[in-house]
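Q: Below, each chain spelled out in residue letters.
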Amino acid sequence: MDAVERANAEHQKQWAKDQKIGEGTYAVVYRGREVSTGRKVAIKKIKVGQFKDGLDMSAIREVKYLRELKHQNVIELLDVFSSKTNLNLVLEFLDTDLELVIKDRSLVFLPADIKAWIAMTFRGLEFCHRNWILHRDLKPNNLLISANGQLKLADFGLARDFADPGYKMTHQVITRWYRPPELLFGARYYSTAVDIWSVGCIFAELMLRTPYLPGESDMDQVRTTFRALGTPTEEDWPGHKKLPDYFDAGQYPKTQLRDLFTAATTECLNLLAKCLIYDPYKRISAKEALFHPYFTAMPYPSHPSKLPKPAKKGSTLPLEEFDGNVDFEGAGPGVRANPPNKLKRKLSAEELGSRPLARRLDFSQHA
Amino acid sequence: MSNRPSGSSWLRGTTIRKGGNGSSASTRTATPQVQSTSTTIFGGGVKDPSGRTSEYFSMDDQCPVCKSDRYLNPKLRLLVSACYHKMCESCIDRLFTLGPAPCPICNRTLRKLAFTPQTFEDLTVEKEVAVRRRIARDFNKRAEDFPDLRTYNDYLEEVEDITFNLINDIDVAETEARVARYKQENAALIELNIQREEQYAQYLREQEEAERQEREQRAAELRRLEEEEREEREKGRQELIDRLETSTKDAAKLVARSRAQAQKRADARTQSSAFGGAAKAFRGRTNQGAVVADEPHVPLADAWYAYDDKYAVRDTYFDPLSEDVRRDKDKVFRAGGYRVEEAWERALRFAVASLDLAPLQGLHSTAVAVEPPVISADGDVIMAST
Numbered sequence: 001m002d003a004v005e006r007a008n009a010e011h012q013k014q015w016a017k018d019q020k021i022g023e024g025t026y027a028v029v030y031r032g033r034e035v036s037t038g039r040k041v042a043i044k045k046i047k048v049g050q051f052k053d054g055l056d057m058s059a060i061r062e063v064k065y066l067r068e069l070k071h072q073n074v075i076e077l078l079d080v081f082s083s084k085t086n087l088n089l090v091l092e093f094l095d096t097d098l099e100l101v102i103k104d105r106s107l108v109f110l111p112a113d114i115k116a117w118i119a120m121t122f123r124g125l126e127f128c129h130r131n132w133i134l135h136r137d138l139k140p141n142n143l144l145i146s147a148n149g150q151l152k153l154a155d156f157g158l159a160r161d162f163a164d165p166g167y168k169m170t171h172q173v174i175t176r177w178y179r180p181p182e183l184l185f186g187a188r189y190y191s192t193a194v195d196i197w198s199v200g201c202i203f204a205e206l207m208l209r210t211p212y213l214p215g216e217s218d219m220d221q222v223r224t225t226f227r228a229l230g231t232p233t234e235e236d237w238p239g240h241k242k243l244p245d246y247f248d249a250g251q252y253p254k255t256q257l258r259d260l261f262t263a264a265t266t267e268c269l270n271l272l273a274k275c276l277i278y279d280p281y282k283r284i285s286a287k288e289a290l291f292h293p294y295f296t297a298m299p300y301p302s303h304p305s306k307l308p309k310p311a312k313k314g315s316t317l318p319l320e321e322f323d324g325n326v327d328f329e330g331a332g333p334g335v336r337a338n339p340p341n342k343l344k345r346k347l348s349a350e351e352l353g354s355r356p357l358a359r360r361l362d363f364s365q366h367a
Numbered sequence: 001m002s003n004r005p006s007g008s009s010w011l012r013g014t015t016i017r018k019g020g021n022g023s024s025a026s027t028r029t030a031t032p033q034v035q036s037t038s039t040t041i042f043g044g045g046v047k048d049p050s051g052r053t054s055e056y057f058s059m060d061d062q063c064p065v066c067k068s069d070r071y072l073n074p075k076l077r078l079l080v081s082a083c084y085h086k087m088c089e090s091c092i093d094r095l096f097t098l099g100p101a102p103c104p105i106c107n108r109t110l111r112k113l114a115f116t117p118q119t120f121e122d123l124t125v126e127k128e129v130a131v132r133r134r135i136a137r138d139f140n141k142r143a144e145d146f147p148d149l150r151t152y153n154d155y156l157e158e159v160e161d162i163t164f165n166l167i168n169d170i171d172v173a174e175t176e177a178r179v180a181r182y183k184q185e186n187a188a189l190i191e192l193n194i195q196r197e198e199q200y201a202q203y204l205r206e207q208e209e210a211e212r213q214e215r216e217q218r219a220a221e222l223r224r225l226e227e228e229e230r231e232e233r234e235k236g237r238q239e240l241i242d243r244l245e246t247s248t249k250d251a252a253k254l255v256a257r258s259r260a261q262a263q264k265r266a267d268a269r270t271q272s273s274a275f276g277g278a279a280k281a282f283r284g285r286t287n288q289g290a291v292v293a294d295e296p297h298v299p300l301a302d303a304w305y306a307y308d309d310k311y312a313v314r315d316t317y318f319d320p321l322s323e324d325v326r327r328d329k330d331k332v333f334r335a336g337g338y339r340v341e342e343a344w345e346r347a348l349r350f351a352v353a354s355l356d357l358a359p360l361q362g363l364h365s366t367a368v369a370v371e372p373p374v375i376s377a378d379g380d381v382i383m384a385s386t
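Residue numbers (full-length UniProt numbering), protein chains in the order written: chain V, 1 to 367; chain W, 1 to 386.
Honestly, the hints are just simulated from the structure, not real lab data.
Glycine included, every Cβ here is placed at the ideal spot set by N, Cα and C.
Mixed in with the good hints, there may be bad ones.
Stated by the list, open to error - Partial list, computed: chain W residues near chain V (C-beta under 8 Å):
{"hint": "1", "residue": "152"}
{"hint": "2", "residue": "339"}
{"hint": "3", "residue": "340"}
Stated by the list, open to error - With a Cα cut of at most 30 Å, we get these calculated DSSO-like pairs of lysine-lysine:
{"hint": "4", "chain 1": "V", "residue 1": "242", "chain 2": "W", "residue 2": "331"}
{"hint": "5", "chain 1": "V", "residue 1": "274", "chain 2": "W", "residue 2": "183"}
{"hint": "6", "chain 1": "V", "residue 1": "282", "chain 2": "W", "residue 2": "310"}
{"hint": "7", "chain 1": "W", "residue 1": "331", "chain 2": "V", "residue 2": "287"}
{"hint": "8", "chain 1": "V", "residue 1": "309", "chain 2": "V", "residue 2": "17"}
{"hint": "9", "chain 1": "V", "residue 1": "241", "chain 2": "W", "residue 2": "331"}
{"hint": "10", "chain 1": "W", "residue 1": "141", "chain 2": "W", "residue 2": "183"}
Taking the hints into account, I'd like the entire structure generated from these sequences.
A: Here it is in C-alpha cells:
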C-alpha cells in the first residue's frame, strides 16, 4: 500500500454510506453520515468503470470548482475519496430544492420570500463570478435548500472558469428553458451574463409558479424567448446577427413585463427586466444586482428559517437535485446538451499510457 | 282550449311540472308557489349572491298570448323571450316544440331554449341587465391595462356607447360588428382578465376558509382553556381544604400559598396560548413557533472588494494574445458578451490578492485537505491559486 492509497483509506474511513437515494447516468447518490459526528451527508459515487478514457468530465469539473468555493450559498464539498474504481464526492446534505418548492401548490409565496431566494441566489452566484467561475447550469432544480432555509447553488458539473482571450467555450450548456439568447445563437465567447439570464428566468418562474420560457426545442426556445420579450433589433443587441447559429426567428412585438407580472412592484420588474436584457454587455451583473433597490425596498427579504418548504413525503427525498443527470421523473427538459463522452478530449495512446489510473487521482493536493 | 297540456291536466285536478311531483293538489284558494324546476331547461335569469335565480312573480300575471291568468292557472309561469316578450310555459311548449317559430308578438324567430326566467318587473330593465352582463364579460379590461387614465376613460365611454346602442336597438348590426371585432382583437387579454378574476375569487374563497378554520380553532382552544381552568380551580380548592384539615401550619399562610400557585398556573396558561396563536399565523411555514425577525438586505457581507482600490484596470494593454478579441472583426465577441477587460482584471486581481496571502502550509497532511486554506470573517474563502 503506497502513501496515496493510505491517505485515501484514511478519508474513506471518515464517512459511512447508508441507503441509495438516487441514480443517474454517471453517478449514484447515497445518503451517508460522518462517522465521528453523525452529521448527515450525501455521497455521490461516480461510476468510473464504464468510461474507457478516465473520469467523466462533469465529475472533474465538480471537484475542481467545488474544492475552491466555500460560501454560505454554494453547496459544500466535504471530501473526495475513491473506492475500488469509483470516485466518491462527499457533499453537504440538503433537504430539498427550489423546483419542489415551486411545484408544491399548497405553498403560498410572499413577495418577501421570493426576494430572499433571489438574494441568496445572487449572493452565491456573485461569489462564483468573483472567483471567475461560470456556473452554466442554473435552474430551480439546481438550487438546493438546506434545513435552515439557506439556498445553495449546486451541480457544478457544467461549470468552468472564465476563458482566456480567444479560447472557445461550448455553447451547449444550461438547460434549455434557462438558456440565454447568445448561447441559443451559438456564441462561443461569452461571460458571466449567461448565468444572470438563468437567474432572471428563475426569478420569473418564482412569481409565475410555472416555467417562464418553456421552449420545446432549441429553435422553439428562441421563438418562445422573442415572443415573451420581443425580437431584438441590431440596436438592442449589436452584432447578434453575426453569431454562428443566428437565424431569423420572426418578428415579435415588445411587450411590457407588467402585463404578465401584474402583482409585482416596480423595483421587482426593473430588476427582472435588467436580468433579461438581450445584450450581454448591458445585462446586470451579479454584484450590481445585489445593490439593486429591489432588495432594499420594503418588505425585507424573509428570514431563511421562515421560507416555505414542501412537506416531507416519506423518508426518501428525491435526489435528482444532486445532478441534472439523475433524472428519474423526467420532468422539465432536463437536457444535457452534450452526452458526457462528447465533451471529452480524446486522448492519444501514449498520453493514456503515461496517465495515472483514475483512482490514483489525488484530490487532497491543491493544484 | 288554448293551453292544451297543462289545461287538461288542470281539469283533472293535477298539474304537470317538469321534474316535479305531479300529485300536489292545487286548490284555487291556495297561494300559488313558483317552485321553478325549469331552470334545467331555461337558463339565464339573474342570480342572487347565493347562486339561485329568484323569479319575478305577481298575482296579476297574465300570458299576453293565450290570455290565461293566475286565476285560471295558479301554476302560471311567464318566461321572457330573446326579443323580450313574455309568454307562459304552455304557450312556449305549444309554439316552439316543433322547432324555431316566429314570436306571436313581434314575428322574430325564436327557439324554445332561448327563453329565460323573468327577474324584474320591468322588461326593459331585464334587457338592460342581460346586455350589460354580456358586454361586461368581453369588455373586461382593467385600469392597469391602460397607459393612462385618459385612454381608460375613452375605453369606458366606448363600452357605454355599445351598451346603450344594444339596449335601445340603435344600429344593432353595426354595433354587433364592433363587439365582434373587439373580441377578436383582444382575445388573449380577455382570457387573461377572466383568469385573473377567477384567481381573485379563488383567493377570496381560500382566505374565507382559512379565517373560518382559524375562528373554529380559536374557539376550541378557548373552550379547552376554560375547562382546564375550571378543573384546576376545583383541584386547588380541594387541596387547600385537605391541607387545612391535616396541616398544623397557619391557615392564612396556606391560603396565601395556594393562591400564589393558582396565579402562577394561570400565567403559564396564558403564555402558552399566546405562543400557540403566533405559531398559527405561520401555518405552512417552516420553523413553526420560533418567530425570527426579517433583516434588511446587506449587499455584500465581506471585504472582497476592498482590493478594488489597490489596482486599476487600464483601457488597454500590450497583449498580443487578445489582439483578435479586441479587434473583433466578426463582432462575435461583442455579441456573445465576452470582454477582454475581464480577463485582464482577473489577472490583476490574482496578482494583487496574493500579496496578502500567507504562504499555505501543511497542505500535504491529510487533515488540512478537508479544511479550506484561508477564510475571511464570514466564511468566504479566498481562492488559493489557479
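Q: With reference to the structure, classify each hint as holding or not holding.
A: Structure-based check of each hint:
Of the supplied interface hints, the one on residue 152 of chain W is violated, with its beta-carbon coming no nearer than about 15 Å to a beta-carbon of chain V, more than 8 Å. The interface hint given for residue 339 of chain W holds, since its Cβ lies 6 Å from the closest Cβ of chain V, which is under the 8 Å cut-off. Restraint check, residue 340 of chain W versus chain V: the minimum CB separation of about 5 Å is within 8 Å; hint holds. Pair hint residue 242 of chain V plus residue 331 of chain W holds up; C-alpha atoms about 7 Å apart against a cutoff of 30 Å.
Taken as a hint, the residue 274 of chain V and residue 183 of chain W pair is broken in the structure, with Cα atoms around 34 Å apart against an allowance of 30 Å. For the given pair, residue 282 of chain V sits about 26 Å from residue 310 of chain W by alpha-carbon distance, which is consistent with the 30 Å threshold. Between residue 331 of chain W and residue 287 of chain V the alpha-carbon distance is near 26 Å, which keeps this suggested pair within the 30 Å criterion. Between residue 309 of chain V and residue 17 of chain V, the direct Cα distance comes to roughly 26 Å. Compliance with the 30 Å bound is thereby established for this hinted pair.
The straight-line distance between the Cα atoms of residue 241 of chain V and residue 331 of chain W is roughly 9 Å, inside the 30 Å bound, and the hint therefore holds. Under the criterion of a C-alpha separation no larger than 30 Å, the hint pairing residue 141 of chain W with residue 183 of chain W is consistent with the structure, at around 12 Å.
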